[in-house]
Amino acid sequence: MTPERTVVLWWEDWPVVVAGRAADAVVVVANNKVVAMSAAARADGVRVGHRRREAQGRCPSAEVLVFDEGANARAFETVVAAVEDLCPRVEAVRPGVLAFASRGPSRYFGGDAALIARIRDVACHAVRTTLRLDPGDGPGVGVADGNFAASLAARAALSARDRALVVPPGKSAEFLAPMPVSAIGDTGIADVARRLGLRTLGAFAALDPSDVVGRFGAAGVAAHRRADGLEVRSLDPRQPPPELSVEVTFDPPAETVDRIAFAARAVAAELEEGLRGRGLVATALVIEVETDHGEKRARRWRSEGALNASAVAERVRWQAEGWLTDVAQQVDDDAPTAGITLLRLAPHEVHEHAGTAQSLWGGASEANERVTRAIARVQGLLGPEAATTAVLVGGRGPGEQVRMIPWGDARTVDIGRASAPWPGRVPAPAPAMVLDEPVALDVLDASGAMVRVSGRGEVSAPPVTVVGPHGVDRVKGWAGPWAAEERWWDPHGARRRARMQVCCESGAAHLCVIEGGRWYLEASY
Amino acid sequence: MAPEVAAELLVDGVDEKVDRRAELRAVAGRLPQSTPVLASQRPRPVRGPYAQVFQHGLRPGTSIAVSAARPSLEAAALRNAITLAAGVVPPDGWVAAVGVSSLGVLAAAEAGLILDHLVFLDAPTTAWGTVAVAAVDAFDVVVLAVPRRPRLAEVRRLAGRARERSTTVIATGPGVAAWGGEARLVTSAAAWDGLGDGHGTLRTCRVTLDLDGRGPVQARRLELTLGA
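Protein chains in written order, with the working numbering: chain A, 6 to 530; chain B, 14 to 241.
Please keep in mind that the hints were generated in silico from the structure rather than gathered at the bench. Among the hints, a few may not be true.
[What the hints assert, rightly or not] For the chain A half of the interface with chain B, some residues (derived, Cβ under 7 Å), not all of them:
1. R375
2. P403
3. Q406
4. A435
5. A437
6. C508
[Unchecked claim] Distance windows between CB atoms, simulated:
7. A:D73 with B:E177: 41 to 47 Å
8. A:P214 with B:P103: 36 to 42 Å
9. A:D73 with B:A190: 46 to 52 Å
10. A:A425 with B:R219: 31 to 37 Å
11. A:E405 with B:P104: 26 to 32 Å
12. B:R233 with A:R479: 26 to 32 Å
13. B:R161 with A:A76: 43 to 49 Å
14. A:R479 with B:G228: 36 to 42 Å
15. B:E167 with A:M409: 23 to 29 Å
16. A:V71 with B:G228: 49 to 55 Å
17. B:Q231 with A:A445: 42 to 48 Å
Note that the Cβ used here is the ideal one computed from N, Cα and C, for glycine as well.
Please model the complete structure; the sequences and the hints are all you need to start from.
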């Protein structure tokens with residue numbers, strides 16, 4: 006069985022294009038790792054996966070931009086829609102990458118080469134006219150037998166002259182053979198293969214399949230078939246029974262991404278549960294929405310591996326970003342005109358669940374999944390804000406140095422702010438108890454008068470007693486004050502505060518803060 | 014070899030064997046009676062200052078009540094809970110803080126907890142039981158604030174569930190007295206060191222703990238240094 010002839014469009018610089026900076030030297034980073042760079046930065050030797058510092062070292066003139074996933078997904082929807090006007094059954098893989106089966110369109114447009122040139126033009130045109138952005142060098146487009154070979158062809162096309170590459174029918178295996186084994190799409194297997202001296206996909210494909218399954222299991226078989234230019238699954242993908250699709254209705258209609266993404270997490274888990282009950286996994290699914298005005302939109306998503314609940318929820322979020330922005334801006338005539346009332350997830354292609362089970366050694370993945378499910382239950386009960394994780398950010402007070410992020414949202418913050426110097430920050434150890442709201446408190450000197458802090462950061466007299474929520478306490482030792490003058494350049498946001506550590510005879514140690522002549526208990530050690 | 018010599022040797026051997034058996038029996042009598050346990054149920058060593066408290070390790074699934082003798086020592090008790098959680102969480106394990114919104118995140122990071130794997134769950138009184146059960150079912154360590162006057166049946170069910178799921182529960186909060194727990198740690202005194210009269214910063218804290226419990230600890234008083 007030869008794999009289906011497939012076109013893949015791979016826009017490597019997509020984040021740069023979205024930022025509107027294709028012509029400049031820029032690198033886009035996420036979590037301190039480079040995810041994309043402009044042509045100028047690439048010429049200086051910056052590569053995906055470099056650390057931010059290394060990228061800046063290689064290309065000092067490059068400006069560093071923070072990756073904005075929402076904007077990327079939103080903008081790519083325009084490209085997918087433009088390609089869809091030309092060819093049916095377009096499948097989005099992730100922002101920047103799309104794929105579709107090319108047999109029909111190729112015949113209609115007069116051959117593979119003509120088709121992919123056309124696709125490239127359409128994609129660049131959409132970016133230029135609809136998004137009004139500079140498409141730069143444009144995407145790489147490849148056509149080959151099967152999704153895997155076509156993806157590699159699209160990436161190889163990036164260095165080709167016209168950024169398009171046609172692998173003739175039946176020649177996928179030959180095309181793949183000289184590729185490095187790291188392209189196999191499974192870092193674990195690629196790593197072992199490299200250490201075994203198998204440096205190319207051809208060398209890996211030449212192994213006896215029974216040896217591969219003995220060493221790597223089902224994942225190895227899939228990798229081996231990929232390397233050989235064959236369809237990953239030996240079985241026909243099944244047509245899923247219709248009752249496996251799940252849906253959720255919104256009343257009142259949902260107009261924010263958060264609301265849809267939150268609901269999507271629950272239904273995606275339900276979908277996964279339903280599939281797993283039959284021993285199946287989905288590799289392609291249709292995300293469908295209906296608006297209050299009865300308009301329907303659907304988008305097909307495909308993934309190389311199985312789509313689990315969190316991957317599905319992520320794709321719904323990307324999708325919702327695109328559609329809801331259309332609602333707000335009315336960018337084109339057939340954009341939806343109202344909020345979304347129905348979200349349906351329908352598995353489009355399912356396979357038997359094999360080899361994607363939990364890992365051998367107790368399974369960190371199993372524990373993670375258990376935790377994710379428990380948190381989903383709590384969030385379903387009390388709302389998304391009920392489960393949070395903390396990220397350290399810059400700040401002076403113990404509460405200001407922490408930002409709580411609802412579970413499921415990206416844990417991205419401005420890098421480097423926490424490590425920047427914050428004059429007036431109280432040194433470690435940090436308090437064990439940070440009050441949600443500071444509590445009023447009296448810090449008194451020997452004469453019973455309130456201790457004041459002068460503009461030069463000096464106390465009026467040493468503190469002797471503290472009258473707080475737990476009664477009167479004698480001060481045994483104290484330090485400070487640490488004066489913090491915040492946002493003095495901003496007439497509305499400016500704050501002047503000073504913090505003091507006091508340690509009392511009862512054994513308690515407090516972090517007190519004075520602002521506007523009043524003391525507050527901020528935290529206790 | 015002459016037959017009589019061989020016989021004598023044989024007798025010697027038997028005698029020796031009998032002696033060994035008696036010796037072994039005597040040794041076995043001195044050992045504590047133990048039944049075979051699953052590896053996952055075996056006590057695990059505790060890291061950090063709390064190794065002194067649980068010298069024989071702590072079995073996953075143990076419930077520990079951490080409380081303060083006086084309201085002014087509540088922060089010290091919370092510090093104890095954080096240090097203990099950091100000491101028992103397995104590598105890559107998950108910690109839930111249920112209803113403990115005042116827990117100092119920076120202090121948790123300093124104690125060695127991984128912030129990516131520390132999840133704060135809200136637990137309003139009406140949903141406390143449900144949230145606590147969800148956390149106990151999934152996480153490795155749960156720092157649980159017990160509300161004032163909890164339903165006792167709910168508390169018992171939770172403790173049983175924690176044992177069954179091998180989840181270590183560290184109970185704190187106003188209703189912690191209702192939580193029996195296999196070990197009870199009461200912070201009865203604390204003394205910070207490092208602060209002078211207008212100079213220095215807080216350095217270390219010596220806390221006095223009154224221990225009590227059924228299995229993992231014996232009743233005794235102990236001093237620990239935290240934040241060293």
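Results for each hint:
The interface hint given for R375 (chain A) is met, as the beta carbon of that residue sits about 4 Å from the closest beta carbon of chain B, less than 7 Å. With a cut of 7 Å, the hint placing P403 (chain A) at the interface with chain B holds, because the nearest CB-to-CB distance is about 6 Å. Nearest Cβ of chain B to the Cβ of Q406 (chain A): about 6 Å, under the 7 Å cut. The hint holds. Given the 7 Å rule on beta carbons, the hint for A435 (chain A) holds: about 3 Å separates it from the nearest Cβ of chain B.
Annotation: interface hint on A437 (chain A) holds; nearest CB of chain B at approximately 4 Å, less than 7 Å. For C508 (chain A), the interface hint holds, the least distance from its beta-carbon to any beta-carbon of chain B being 5 Å, beneath 7 Å. Between D73 (chain A) and E177 (chain B) the beta carbon distance is about 45 Å. The supplied range of 41 to 47 Å therefore holds. Between P214 (chain A) and P103 (chain B) the Cβ separation comes to about 38 Å, which falls inside the hinted range of 36 to 42 Å.
Against the hinted window of 46 to 52 Å, the Cβ-Cβ separation of D73 (chain A) and A190 (chain B) comes to about 50 Å, which satisfies the hint. Between A425 (chain A) and R219 (chain B) the CB atoms are about 34 Å apart, so this pair conforms to the stated range of 31 to 37 Å. For E405 (chain A) paired with P104 (chain B), a C-beta distance near 31 Å keeps the hint of 26 to 32 Å intact. Our hint of 26 to 32 Å for R233 (chain B) and R479 (chain A) holds, since their Cβ atoms are close to 30 Å apart.
In this structure the supplied range 43 to 49 Å holds for R161 (chain B) paired with A76 (chain A), their Cβ-Cβ distance being about 47 Å. Checked against the given bound of 36 to 42 Å, the beta carbons of R479 (chain A) and G228 (chain B), roughly 40 Å apart, stay inside it. One distance hint, 23 to 29 Å for the beta-carbon pair E167 (chain B) and M409 (chain A), holds here, with the actual separation near 27 Å. A hinted range of 49 to 55 Å for the beta carbons of V71 (chain A) and G228 (chain B) is consistent with their spacing of about 51 Å.
In this structure the hint that Q231 (chain B) and A445 (chain A) lie 42 to 48 Å apart at CB holds, the actual value being about 43 Å.
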